[in-house]
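A.B. asks: Residues per chain, in single letters:
Protein chains: 2
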Amino acid sequence: MDRRDFLKKTGMAAAAVGVGASSVAYAGSTIKWKMVTTWPKNFPGLGTGANNLAKLITEMSGGRLKVKVYGAKELVPAFEVFDAVSRGTAEIGHASAYYWKGKVPEAQFFSTMPFGMTANEMNGWIYYGGGQKLWDETYKPFGVIGRPAGNTGVQMGGWFNKEINSLADMKGLKMRIPGLGGEVLKRLGGTPVNLPGGELFTALTSGTIDATEWVGPYNDLAFGLYKAARYYYYPGFHEPGTILEALINRKAFESLPKDLQSIVENACRVVNQDMMAEYSARNPGALEQLVNKHHVQLRAYPNDVLTQLRKLSADVAADLAAQNKAAKKIYDSYMAFLDASKKYSRISDLAYLNARDAG
Amino acid sequence: MDRRDFLKKTGMAAAAVGVGASSVAYAGSTIKWKMVTTWPKNFPGLGTGANNLAKLITEMSGGRLKVKVYGAKELVPAFEVFDAVSRGTAEIGHASAYYWKGKVPEAQFFSTMPFGMTANEMNGWIYYGGGQKLWDETYKPFGVIGRPAGNTGVQMGGWFNKEINSLADMKGLKMRIPGLGGEVLKRLGGTPVNLPGGELFTALTSGTIDATEWVGPYNDLAFGLYKAARYYYYPGFHEPGTILEALINRKAFESLPKDLQSIVENACRVVNQDMMAEYSARNPGALEQLVNKHHVQLRAYPNDVLTQLRKLSADVAADLAAQNKAAKKIYDSYMAFLDASKKYSRISDLAYLNARDAG
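From first to last, the protein sequence lines stand for chains H and P.
For the first sequence, position 311 (counting from the first letter as 1) is numbered 311 according to UniProt numbering, and the numbering increases by one without interruption.
For the second sequence, position 119 (counting from the first letter as 1) is numbered 119 according to UniProt numbering, and the numbering increases by one without interruption.
No lab work stands behind these hints, which were simulated from the structure alone.
Heads up, some of the hints might be wrong.
One copy or two, it doesn't matter: identical chains are merged, so the pair holds either way.
To be verified - Keeping only pairs whose Cα atoms sit at most 30 Å apart, straight-line, the calculated DSBU-like set for lysine-lysine is:
id	residue 1	residue 2
1	Lys66	Lys32
2	Lys41	Lys328
3	Lys329	Lys32
4	Lys343	Lys162
5	Lys258	Lys66
6	Lys293	Lys342
7	Lys227	Lys41
8	Lys186	Lys133
9	Lys293	Lys133
10	Lys343	Lys293
11	Lys329	Lys293
12	Lys41	Lys55
13	Lys55	Lys32
14	Lys101	Lys186
15	Lys55	Lys133
16	Lys73	Lys55
17	Lys328	Lys293
18	Lys186	Lys103
19	Lys227	Lys342
20	Lys258	Lys68
21	Lys32	Lys103
22	Lys258	Lys343
23	Lys68	Lys41
24	Lys251	Lys325
25	Lys311	Lys343
26	Lys342	Lys73
27	Lys329	Lys251
28	Lys343	Lys227
29	Lys103	Lys133
30	Lys32	Lys68
Assemble the whole structure, with the sequences as input and the hints as a guide.
C.D. replies: Here it is in C-alpha cells:
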C-alpha cells in the first residue's frame with residue numbers, strides 16, 4: 001500500500017496531520033541511488049565534488065533520497081560511467097562530457113574548448129543562453145540528462161622540462177595533453193600522449209614525455225609534479241573553464257516526486273559553484289607554495305606560439321562542427337555566445353583585471 | 001497534537017509507512033516566511049533573484065516552507081530590511097551588506113571593495129577562505145545570518161557627459177556613485193551624489209549630475225541611461241563583484257528541521273551562482289545593443305586616473321579597517337586572500353583573457 005492510499009483509507013487528510021509536523025523530517029521510505037564517477041574515490045576537488053553532490057541530495061531530502069558514491073573501477077571503469085547511467089546500472093554519474101567524444105563528438109562543447117569560454121561564461125551559456133537545451137538534445141537518445149556539477153576554472157598549461165621560446169620548441173614535443181588541446185599540439189608538430197594521472201610523475205621523470213598538463217596549482221602540488229618537471233610552469237589555453245557534469249538516468253529522475261527532482265537539480269547547481277569556489281581558494285595558496293617553497297619558474301608562451309595556438313584552436317573547433325549537423329548547431333550557438341562574451345570582457349572582467357594588476 | 005505524537009500513538013512506525021511513500025510530496029503543515037527586499041518588486045536581476053530564492057525554497061521543500069516576497073516599501077522601506085529581519089518582522093531578507101555601513105561599517109567587506117575581489121574570488125574567500133566565519137561574527141549581535149545570494153559580476157564604471165582625459169576632468173565632477181567608490185571620487189576632488197535608481201535619468205538629463213554609475217549593460221539599457229548621458233561609457237573599478245546577501249533571522253532558521261535548514265542554505269547558493277550566470281548571459285547582448293543600435297562610445301580611464309583610483313581605493317579600505325578591531329580583522333583576511341588571488345590571476349584568468357583577446 002502506498003502512502004497516498006494509506007492516508008485516504010484512514011480518512012486522514014493532509015491538512016489534518018497537525019501543527020508542528022514540519023519540525024520532523026519526512027519519515028517515508030528511502031530511495032537509494034548509486035553514483036558512479038570517473039575519479040578515484042575522494043580525489044581532491046573532482047572526487048570530493050562528487051561526494052559533495054551525494055551528500056547534498058541526501059541532506060536536503062532529509063534522507064528520502066540517499067546517494068552512495070563509487071569511485072572509478074569500484075562499480076564500473078571510469079570510461080563506462082556514461083553507459084552505466086544510460087542503461088540504469090547507476091542512477092547518477094559524475095564525469096566530464098569530453099570523455100564521451102568517441103560516442104558523441106559534440107558532447108565536448110559541454111565540457112570545454114581551447115580558447116573558449118570561462119567558467120562564468122559557460123554558466124551564462126548553459127543556464128541562460130540556450131546551452132542546456134542543446135545538451136538535453138545531445139543526450140536524449142541515451143536516456144541521460146546532463147547538468148553542470150563543478151568547474152575547475154582556467155586550467156594551467158602545464159609542466160615543461162624546457163622553456164618554450166619559439167614555435168620550433170613545440171615541434172616534436174611529447175606532451176600529455178588529452179582532447180582538443182592535444183589535437184592543437186599535434187597540428188603544431190608535437191606529439192600528444194594520453195596517460196592517466198597516476199602515471200604522469202614517472203613518465204615525466206623517466207623522460208617518456210617532455211611535458212604534461214594536469215589541472216592547476218592545487219591538484220598539481222598534491223601530485224608533486226614540480227618534482228618531476230624541471231620547474232617551468234605555463235598558463236593554459238586548452239581548458240579555460242572545464243565543466244564537470246552530473247549524468248542522470250532520465251527514467252530514474254522522472255520517477256522522483258517534484259520536490260526531489262528540484263533537490264537533485266539544485267544540488268548539481270550548488271556543487272557547480274562550490275567546486276569553482278574551492279579551486280579559487282586553494283589554487284592561489286598552492287601557487288605561493290610552488291613558487292616560494294619549491295622554486296617553480298613561471299613562464300608565458302611567446303606571442304608567436306600563442307598566435308598559432310589560437311589559430312589552430314579555431315580550426316579544431318570548426319572541424320568538430322563539421323562532423324555532423326548536431327555539432328554544427330551547438331558550435332554556432334557556442335561561438336555566438338563566446339564572441340559576444342569576448343567583447344563584453346574587454347570592458348568588464350579583462351579591463352578590470354588589467355586595471356587592478358597594473359598597481 | 002504534533003506529528004511525532006500522532007505517529008507514536010497510532011503505533012505507526014516510520015518504517016511502516018510503506019513502499020512508494022517517497023513518491024508523494026510531504027504533506028505536513030506549512031511554515032510561512034516573509035522575505036523583505038531592498039529592490040523594487042521584480043527588478044531585473046536583483047529583484048528577480050530574490051523571487052528565485054523564494055521559489056527555490058518553496059519548491060525544494062515541497063511546499064513545507066513557503067516564502068512570500070515583498071518589494072521595497074511593501075512591508076518595510078528598503079533600508080530597514082536589516083532591522084526587520086533582526087527583530088523578526090520578516091524571517092528573511094534580500095539586500096547587499098554595504099547598505100548597513102551606518103550600523104556596521106565592516107559589513108561592507110562582505111559586499112564589494114574598490115579594486116577588490118571578483119565574484120569567483122569572493123566565493124573562494126567566503127566559502128573556503130574564512131570569510132563566512134567573519135561574516136557570522138559580524139551579524140551575530142543582531143540575531144541575523146548573512147549568506148551570499150547573488151552577484152552582479154564586475155559593474156560598469158558608468159555614464160559620463162564628457163570624456164575623462166586626465167585627473168583634472170575628475171575634479172568637480174558631480175557623479176552618482178554610492179559607498180566606498182564615492183569616497184574615492186571625493187578624494188579625487190569630485191562630488192559623489194547619492195540618488196535612488198529611479199531619479200538617475202532625470203538628474204543626468206537636467207545636468208544635476210555629470211555622470212552616474214548603475215550596474216552594467218543589462219540594467220543600464222533597461223533604464224535607458226544611454227539616452228540621458230552623452231554616450232561615454234567606462235569600465236568600472238568600484239564594484240568588481242558585488243555580493244547580494246540573504247539575511248536570515250537566526251531564531252527562525254534554527255527552529256527549522258535540518259533538511260529545511262539545508263534547503264535554505266543551498267537555495268542561497270543556487271541563487272548566488274544563478275544571478276551571476278544571468279548577468280553573464282544578458283550583459284554581452286545588452287552591450288551589443290548599446291554600441292550598435294544606440295551608438296554608445298566605450299572609453300577607458302587614462303593611466304594616471306587609474307593609478308590614482310587604485311591608490312585612493314587602497315587608502316579608503318585601510319581607513320575602513322581603522323574604524324574598529326573587527327574591521328581590521330576582516331580587512332587582514334580579505335587583503336591576504338586578494339593578494340594571493342591577484343598573483344594567481346596573473347597566470348590564470350588574467351593571462352588567459354589577455355591571450356584569448358589578442359586574436
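A.B. asks: How would you classify Lys103 and Lys133 at a CA-CA limit of 30 Å: within, between, both, or neither?
C.D. replies: Only inside one copy: Lys103 and Lys133 sit 19 Å apart there, 46 Å across copies, limit 30 Å.
A.B. asks: Have a look at Lys293 and Lys342 and pick one of within, between, both or neither, based on CA distance no larger than 30 Å.
C.D. replies: between (36 Å within a copy, 19 Å between copies)
A.B. asks: Treating 30 Å as the Cα threshold, decide for Lys227 and Lys342: within, between, both or neither.
C.D. replies: Cα proximity of Lys227 and Lys342: across copies only (25 Å, versus 37 Å in one copy).
A.B. asks: State whether the alpha carbon distance between Lys186 and Lys133 is at most 30 Å within one copy, between copies, both, or neither.
C.D. replies: neither (33 Å within a copy, 48 Å between copies)
A.B. asks: One pair to classify: Lys32 and Lys103, alpha carbons no more than 30 Å apart. Within, between, both, or neither?
C.D. replies: within (29 Å within a copy, 49 Å between copies)
A.B. asks: How would you classify Lys73 and Lys55 at a CA-CA limit of 30 Å: within, between, both, or neither?
C.D. replies: within (21 Å within a copy, 39 Å between copies)
A.B. asks: Between the shortest in-copy and the shortest cross-copy C-alpha distance, which are at most 30 Å for Lys55 and Lys133: within, between, both, or neither?
C.D. replies: Answer is both: 27 Å inside a copy and 22 Å across each meet the 30 Å cutoff.
A.B. asks: If the cut is 30 Å between Cα atoms, do Lys343 and Lys293 qualify within a copy, between copies, both or neither?
C.D. replies: This pair counts as between: shortest inter-copy Cα distance 15 Å, intra-copy 39 Å.
A.B. asks: What label fits Lys258 with Lys66 when the C-alpha limit is 30 Å: within, between, both, or neither?
C.D. replies: So Lys258 and Lys66 pass the 30 Å test inside a copy (16 Å) and across (15 Å) alike.
A.B. asks: At most 30 Å between CA atoms: does that hold for Lys328 and Lys293 within a copy, between copies, both, or neither?
C.D. replies: between (47 Å within a copy, 29 Å between copies)
A.B. asks: Tell me, please, which holds for Lys186 and Lys103 at an alpha-carbon limit of 30 Å: within, between, both or neither?
C.D. replies: within (22 Å within a copy, 60 Å between copies)
A.B. asks: Using 30 Å as the alpha-carbon threshold, which applies to Lys311 and Lys343: within, between, both, or neither?
C.D. replies: Answer is both; intra-copy 18 Å and inter-copy 28 Å each pass.
In the structure shown, a violation is registered for the earlier hints numbered 2, 3, 8, 22, 26, in ascending order.
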